[in-house]
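Asker: Heads up: the sequence lines are chains A and B, in that order.
Read in numbering that gives the first Met the number 0, the first sequence has 57 at position 58, and its numbers run on one by one without any break.
Read in numbering that gives the first Met the number 0, the second sequence has 105 at position 106, and its numbers run on one by one without any break.
Simulated from the structure, these hints should not be mistaken for lab results.
Do not rely on the hints blindly, as some may be mistaken.
What the hints assert, rightly or not - Here are the computed lysine-lysine pairs in the BS3-like style, where the Cα-Cα straight-line distance is at most 25 Å:
(1) 87/A with 95/B
(2) 166/A with 49/B
(3) 38/B with 87/A
(4) 58/A with 11/B
(5) 10/A with 50/B
(6) 38/B with 174/A
(7) 24/B with 14/A
(8) 166/A with 61/B
(9) 49/B with 8/A
(10) 43/B with 160/A
(11) 67/A with 61/B
(12) 87/A with 67/A
What follows is the residue order along each chain.
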Amino acid sequence: MDERVLIAKSKKGDKAAFEELVRQFSKYVYTTAFFILRDTHEAEDVSQEVFVKVYLSIKGFRGLSSFKTWIRKLTVNTCIDKLRLRSKTKDKKVSLEKITEEYEVVFTRFDQSLEKSFFNKETVKEVLKIVVSLDESYRIPLILRDLQDYSYREISELTGKPIGTVKTNIHRARKIIKDKLKTYR
Amino acid sequence: MNNINRYLKIVKNAVIQPYDDIDKKIINRISNISKLDEKLLDNKFLDYLKKNNSRIYLVIQKIKNNPGSFAALAIAGVFIVVFIAFIFKIFLDEEKIGGDNHQLSSSKDDTQ
Numbered sequence: 000m001d002e003r004v005l006i007a008k009s010k011k012g013d014k015a016a017f018e019e020l021v022r023q024f025s026k027y028v029y030t031t032a033f034f035i036l037r038d039t040h041e042a043e044d045v046s047q048e049v050f051v052k053v054y055l056s057i058k059g060f061r062g063l064s065s066f067k068t069w070i071r072k073l074t075v076n077t078c079i080d081k082l083r084l085r086s087k088t089k090d091k092k093v094s095l096e097k098i099t100e101e102y103e104v105v106f107t108r109f110d111q112s113l114e115k116s117f118f119n120k121e122t123v124k125e126v127l128k129i130v131v132s133l134d135e136s137y138r139i140p141l142i143l144r145d146l147q148d149y150s151y152r153e154i155s156e157l158t159g160k161p162i163g164t165v166k167t168n169i170h171r172a173r174k175i176i177k178d179k180l181k182t183y184r
Numbered sequence: 000m001n002n003i004n005r006y007l008k009i010v011k012n013a014v015i016q017p018y019d020d021i022d023k024k025i026i027n028r029i030s031n032i033s034k035l036d037e038k039l040l041d042n043k044f045l046d047y048l049k050k051n052n053s054r055i056y057l058v059i060q061k062i063k064n065n066p067g068s069f070a071a072l073a074i075a076g077v078f079i080v081v082f083i084a085f086i087f088k089i090f091l092d093e094e095k096i097g098g099d100n101h102q103l104s105s106s107k108d109d110t111q
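Could you put together the complete structure from these sequences and hints?
Answerer: Here it is as structure tokens:
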């Protein structure tokens with residue numbers, strides 16, 4: 000069913016429609032949270048928290064931006080709050096075991112012609128692994144910029160770092176990925 | 000670096016498959032919302048919701064995020080307005096000259 004119809008029905012209190020929205024967006028929210036937090040349990044908590052917030056406030060959603068944009072920003076904000084809390088409680092680093100734990104990656108879209116000419120899924124998965132293993136100061140700006148389409152200004156505001164630093168860190172992150180891929184091959 | 004950007008574009012479409020049935024967990028949580036959950040709608044969230052429901056705020060954000068393209072658009076707009084005004088002025092001047100010539104020729108006819 001169309002997203003707009005589901006939202007309209009959810010606003011009227013149709014729980015089945017909201018459940019359908021959950022099914023459509025839960026993996027997206029979970030993945031975004033996992034990339035930022037690198038912890039499956041925290042990613043689950045954030046996913047639940049985000050959907051509870053959405054459920055309680057969907058009547059106030061006017062739809063000026065797309066639902067995906069709304070939920071994406073909500074997820075990122077919630078994750079950044081978790082990271083801040085983590086740094087306050089000095090639990091800055093998630094153990095490497097958690098990062099390297101196996102997770103299954105599926106592709107929502109994968110261009111077959113691209114696959115033949117340039118890429119294979121394994122390489123993309125490897126890129127993903129490298130992204131997830133990056134240090135927080137590189138990983139967060141890179142994810143926000145390249146995977147979530149945030150502007151440099153927005154990233155700067157969210158992370159509290161100057162735009163110049165954000166740009167440098169993103170550039171370095173891309174270079175790290177490039178170098179690590181060379182060794183992988 | 001170009002290839003990295005292409006890979007990252009594909010990574011964008013990647014989704015992590017959660018081990019547990021996350022949909023079920025979320026739906027369960029929604030079915031059992033407590034007073035405590037309502038605290039999640041704190042001032043920060045309500046502020047976010049309010050801003051997202053403001054067309055002016057969203058437009059300002061768009062401009063702030065793409066200042067270059069908006070500046071280019073504004074400059075192009077000014078150029079178009081100036082160009083139209085210029086064409087309009089030429090048209091008016093020609094009409095005026097045409098009118099003057101007509102007046103001149105008609106006054107000549109009168110004197111003859």
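Asker: The structure should be examined with respect to each hint, and the outcome stated for every one.
Answerer: Taking the hints in turn, this is what the structure says about them:
1. Proposed proximity of residue 87/A and residue 95/B is contradicted: the alpha carbons are some 77 Å apart, above 25 Å.
2. For the given pair, residue 166/A sits about 30 Å from residue 49/B by alpha-carbon distance, which is inconsistent with the 25 Å threshold.
3. With a CA separation close to 21 Å, the supplied pair residue 38/B and residue 87/A stays within the 25 Å bound.
4. Taken as a hint, the residue 58/A and residue 11/B pair is broken in the structure, with Cα atoms around 30 Å apart against an allowance of 25 Å.
5. For a cut-off of 25 Å, the pair hint linking residue 10/A to residue 50/B stands: about 19 Å separates their Cα positions.
6. Of the supplied pair hints, the one linking residue 38/B and residue 174/A is violated, its CA atoms being roughly 42 Å apart against a limit of 25 Å.
7. The straight-line distance between the Cα atoms of residue 24/B and residue 14/A is roughly 15 Å, inside the 25 Å bound, and the hint therefore holds.
8. With a CA separation close to 19 Å, the supplied pair residue 166/A and residue 61/B stays within the 25 Å bound.
9. The hinted pair formed by residue 49/B and residue 8/A meets the criterion: a straight-line CA distance of about 21 Å does not exceed 25 Å.
10. For a cut-off of 25 Å, the pair hint linking residue 43/B to residue 160/A stands: about 20 Å separates their Cα positions.
11. With a CA separation close to 17 Å, the supplied pair residue 67/A and residue 61/B stays within the 25 Å bound.
12. Between the alpha carbons of residue 87/A and residue 67/A the distance comes to roughly 30 Å, so the proposed pair goes past 25 Å and is violated.
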